[in-house]
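*Asks:* Sequence:
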Amino acid sequence: MKALDIETKSLVQEHPEYALQPWRLLKNESEITLIAMGDGDLAEFIPWKELNGMPKETFVTWNAIFDVSYLHAQGVDVARHTWVDAMLLCKWHDNCQHNEQLGYSLAACAQRWIPQWQYLPQFIKLKAAEADPSHDKYWQVRAKLDVMATYLIAQVALGKLTPKQRKSAMIEAKNIVPNAKAYVRGIPTNPSHYELPIPGLSRQMAEIECRLGVSNTGNHIGGKGWEPSKILRSPKQLAETIYNKWGLHCNQRTPKGEPSTDKAALTYLADKDDKVLEILAWRELNTRLTKFCQSPVKASKYLSDSVLHPEPKIFSTYTGRYTYASKIKSKFPIAMALHQIPRGPDVRRMVEAPEGKLLVEFDASGQEARLLAEIGDVHSMLDVFRSGKKIHAVMGASIAGIPYDEFMRRYKAGEEAYAGPSGTYYCGKFVNLSMQYRVGAAKQRVMARVQYGLRKDQTTIERWRALYHHTYPEVKSYWQRAINLARERGYAETLAGRRYYLDKWGKDDRWGTESSAINFPIQGSGGDMKNLAISMLNSKYPELEFAWDLHDGVFVWAEKSKFGMELVLEARDALDNLDYESAWGWKPRIKMPWDAAVGVRWGDMKELR
DNA sequence: TGCTAACGCGCC
DNA sequence: AAAGGGCGCGTTAGCA
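Just so we're aligned: 322 in numbering that gives the first Met the number 0 is position 323 of the first sequence, and the numbers increase by one with no gaps anywhere.
One or more hints might be untrue.
Unchecked claim - Listed next, with one range per pair, are the computed distances between beta-carbon atoms:
1. 502 <-> 216: 51 to 57 angstroms
2. 283 <-> 607: 28 to 34 angstroms
3. 465 <-> 312: 47 to 53 angstroms
4. 385 <-> 312: 34 to 40 angstroms
5. 322 <-> 273: 34 to 40 angstroms
Stated by the list, open to error - Below are the DMTMM-like pairs computed for lysine to aspartate or glutamate, each with C-alpha atoms no more than 20 angstroms apart in a straight line:
6. 586 <-> 575
7. 539 <-> 76
8. 586 <-> 351
9. 297 <-> 16
Hints were generated in silico from the structure; no laboratory data involved. Ideal Cβ positions, reconstructed from N, Cα and C, are used throughout, including at glycine.
Let the hints inform the model, and build the full structure from the sequences given.
*Replies:* What follows is the structure, encoded as structure tokens:
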């Protein structure tokens, strides 16, 4: 194992931040200035070409996606080597509730992990000094110390992980390369899908503001210089307007005790006053306009390109899910909020495959329910999955009070009461999805109304809750078992051995801590599964280029050809047969199936059978 | 001006 | 008494 660190610089004077953007290298807007390689004692500088000629090596770096994506952009065959991220190893070890104060800069981690290191004082001083990019000497010393620190921290961190954690961390590490390549490749978009809607959205918002009498002064419908209403945008001003000026009764509060104007509060107020319905409509338009139209416009302007570059973060959640950043240094817009794009086709279709390619989505079907059944040892639910019945239909039939077969007959016939938008199938789905993690009855009623459009009274909700627990009696005992186990051990654990240390058992935090104990093994195992899936796809099907992750969904680019589609089907089968046993020592009792869908545009995908 | 907290909301 | 969890982004409000 060797450690590696690169330094980069912008080639555009007015944009020093380009140094942090690997894809700028492809346009000669930034460059790698040096590459340092070594171990805990010694580091040397190497030209990038040497990485392609040398024998296969394991490199440990700090925040690996940055280095690997830059090297990939430079032309290094990064897949030739194995990459490990010392920062991720530290996080595998540190993953706990009270780590708010823990920083993950190399300097901070060096102080925590290698306090005895002989160069530590010099290193800290150097890191704290104002960086002057013109002093090559500064960067050379810094890069060498970075290499040594990274190497030493990795050794210590690896030693502190359990064998199972080391193995899982290495599986996760395999995904550094596909993520780095995806970061450089970027996500191709069709700007017309976020540019053209802007005038229409603005006009609709302006009309609502006009009817409600909350326009900004000087605003005209469709006029130039129109800005969204400050009253509607501000929770404080909106509360003042609807509760004081309009005299509506406030019965929901924010966590800090202020009158709430969130969607749940407004939904119930809308029953009494149509104006509130307009506010809800305005809110939706506002989100659509700012987050999903204006932001991608800003990013494509900043990038001078419709290929956007959301920055992947492999371990920025404590459950092992990935996240993406759409700004660099909280400032420079490089993408849209990839993980928040609304579900329907309207916004999603902005992502469009390049010529000759197709977008493929692999989706772990019913992932969390299956993991709950397995991890929670919920035999009743395992039986449902084994029987091949549709799990939401099983709950729907219970709610309807008829046998499963009859329910399916009526559901397939499209009878409104069973298959309609507030039919019992949809109710069953709602119950299954909301009941897994201890949602309270009152909140559940609001969820039914606000998220699912189901208008139900508290008695009905209580009846559904009882029905769920009657159908799956072991779920409650899983909750208790998960809590007891976490308390006893001090941590909750996933199937791959990822741990989340829990210590906030005091009165105020207890509920949340318990919920984490219940949720972490399931959501975290979902994260493990995704990591296993991506690493398998990348090694067995390198022609399928990893694009992005959406928790239980893996997106790849495939060649638009017969060969490409055959590969997708093959890969789907391989996902159905992921080798959990050799990865985690776990043998699922039920299938963990994946769906595959293909299309030119996201949001316009066809399921492959 | 730049920062953080609070709020609201999109996804899973 | 009641209480899902995990994220990131856009906005206002308030402070230094």
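*Asks:* Hint by hint, say whether it matches the structure.
*Replies:* Hint check:
no. : hint                            : result
1   : 502 <-> 216: 51 to 57 angstroms : holds (53 angstroms)
2   : 283 <-> 607: 28 to 34 angstroms : holds (32 angstroms)
3   : 465 <-> 312: 47 to 53 angstroms : violated (41 angstroms)
4   : 385 <-> 312: 34 to 40 angstroms : holds (37 angstroms)
5   : 322 <-> 273: 34 to 40 angstroms : holds (39 angstroms)
6   : 586 <-> 575                     : holds (13 angstroms)
7   : 539 <-> 76                      : holds (17 angstroms)
8   : 586 <-> 351                     : violated (38 angstroms)
9   : 297 <-> 16                      : holds (16 angstroms)
Hint compliance for this structure: hints 3 and 8 are not met, and every other hint is.
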